[in-house]
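Undergrad: For reference, the chains in residue letters:
2 protein chains.
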Amino acid sequence: MELFYAHKIADGRAFLDSEESAHLVKVLRHKAGDSISVIDGSGALMSCVLEEVSPREAVARIDSVSEGWGAHPYHLQMAVCPTKNIDRYEWFVEKAVELGVDEIVPVVCDHSERRVVRTDRLGRIAISAAKQSLKAAVPVIPDVVPLKDFLASCTCGLRLIAYCAEDVKERVSIAEVLHRASASGLNPARISILIGPEGDFSPEEVRAALDAGFMPVHLGPSRLRTETAALTAVEAVYLSRACGGPAYDSSNLQHLNH
Amino acid sequence: MELFYAHKIADGRAFLDSEESAHLVKVLRHKAGDSISVIDGSGALMSCVLEEVSPREAVARIDSVSEGWGAHPYHLQMAVCPTKNIDRYEWFVEKAVELGVDEIVPVVCDHSERRVVRTDRLGRIAISAAKQSLKAAVPVIPDVVPLKDFLASCTCGLRLIAYCAEDVKERVSIAEVLHRASASGLNPARISILIGPEGDFSPEEVRAALDAGFMPVHLGPSRLRTETAALTAVEAVYLSRACGGPAYDSSNLQHLNH
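Here the protein sequences line up with chains A and B, keeping their order. In this text, residue positions in the first sequence follow numbering that gives the first Met the number 0: the first is 0, and each later residue adds one. In this text, residue positions in the second sequence follow numbering that gives the first Met the number 0: the first is 0, and each later residue adds one.
For the record, the hints were derived by calculation from the structure and aren't laboratory data.
Below 25 Å or equal to it, Euclidean Cα-Cα: the simulated SDA-like pairs (lysine to any residue) are:
1) K83(B) / L27(A)
2) K130(B) / D86(B)
3) K83(B) / E89(A)
4) K168(B) / G69(A)
5) K83(B) / W90(A)
6) K83(A) / S127(B)
7) K130(B) / P72(B)
8) K30(B) / G11(B)
9) K83(B) / I124(A)
Use the sequences and the hints to build the structure in full.
TA: Structure (structure tokens):
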């Protein structure tokens with residue numbers, strides 16, 4: 000199954016940009032009247048019929064819409080400091096989308112070695128990964144934000160932070176936090192996880208995050224790079240919340256090997 | 000903390016190759032008499048004192064040895080078909096080492112698009128990741144092996160396979176398999192997980208693996224690339240077996256942010 004990304008929806012029609020259109024027309028040789036599957040990043044899968052097949056802008060009529068297609072059963076915001084080597088951050092974006100993430104916020108911290116990120120490029124990587132992994136929702140990737148502003152704006156019900164500095168705070172695993180949340184009946188729908196830069200958060204930043212209601216978690220005994228720590232957090236939520244127990248319905252299995 | 004990799008141990012001394020020696024001498028400006036920490040990939044951390052500091056071959060006297068340094072509490076063999084784009088496989092090697100893996104076997108399958116892998120290069124990536132993540136053991140990465148030969152040679156007590164094809168086999172998550180193994184008291188020390196190529200295993204290969212005692216597992220509802228599927232399997236073992244419950248001892252926390 001191949002998905003196309005529409006940059007605009009209007010008048011019951013999906014409009015593909017020049018890159019998508021060129022791929023559709025020149026590589027896949029689609030013609031007017033062909034059926035295609037389109038996403039616009041909002042979470043809906045649109046079954047369409049091609050009307051215009053210009054390689055600059057293809058237009059398809061929307062025949063039916065499936066909401067929540069390829070969705071995961073939680074809302075996950077990852078607030079992750081950009082890595083010095085941007086390839087590592089881009090890799091994180093791709094993998095997080097494959098597994099399931101709703102928002103990726105590049106947060107700038109005291110020890111950040113990178114303070115500028117081309118979020119348009121990250122957005123394109125996210126669209127590509129969503130198409131690849133058959134997800135109709137593309138995560139939101141806002142512009143870089145200072146940690147202070149992020150802490151003030153975060154409204155997720157469950158807020159977690161992973162940091163290196165040893166302190167007296169009890170730390171539990173993300174799986175344990177999610178388990179306790181379920182067991183207590185207080186199970187916030189929206190989860191935010193904050194991951195610091197290569198040089199860790201400063202003590203003041205950790206204090207500010209804890210004051211803002213972020214709960215310290217651990218990611219196990221391994222010493223992980225920033226992007227590996229971030230992905231491990233995404234995996235912990237995915238494996239706890241989407242990967243379920245033995246009664247898993249294998250008819251939903253789309254995973255693996257593309 | 001900085002680790003150096005010794006390519007040879009003899010007469011109570013660690014010998015560094017030209018690349019490690021040049022870094023030690025020219026970049027870090029170490030001198031004879033300096034204390035350094037050395038690994039040779041076998042799992043031991045060696046506290047050494049530099050005797051010779053030639054940029055072509057530095058030699059250090061081993062003063063003490065800590066076995067099992069940075070080790071994880073399981074033995075994990077990942078048998079993963081090489082990806083068409085080798086960058087993706089190299090990325091998997093780096094991330095798997097950060098989390099904890101003991102052997103990475105490049106397996107060639109019916110649908111493999113890549114049948115040749117420079118395992119010397121993968122080995123260097125594994126050494127670099129082990130130094131970075133402060134692990135004294137570097138995983139073994141043998142030469143490419145046909146699936147049939149791999150199946151005949153695998154001796155791990157717990158053998159798992161993830162594949163796409165839908166069949167009637169019940170599939171459970173890796174976490175559930177590990178949980179059942181613990182609960183039953185039959186808890187094999189050595190785990191092997193088999194991950195197929197971009198085009199999945201052929202039906203004959205799946206049958207052969209099941210006949211060889213591999214148990215089908217699922218990796219959740221997301222459609223994952225080969226390298227993401229492989230890493231998700233490593234994460235599932237790591238999060239289940241090393242990331243423990245709430246009583247986790249935070250004094251062991253080395254994770255995150257380097």
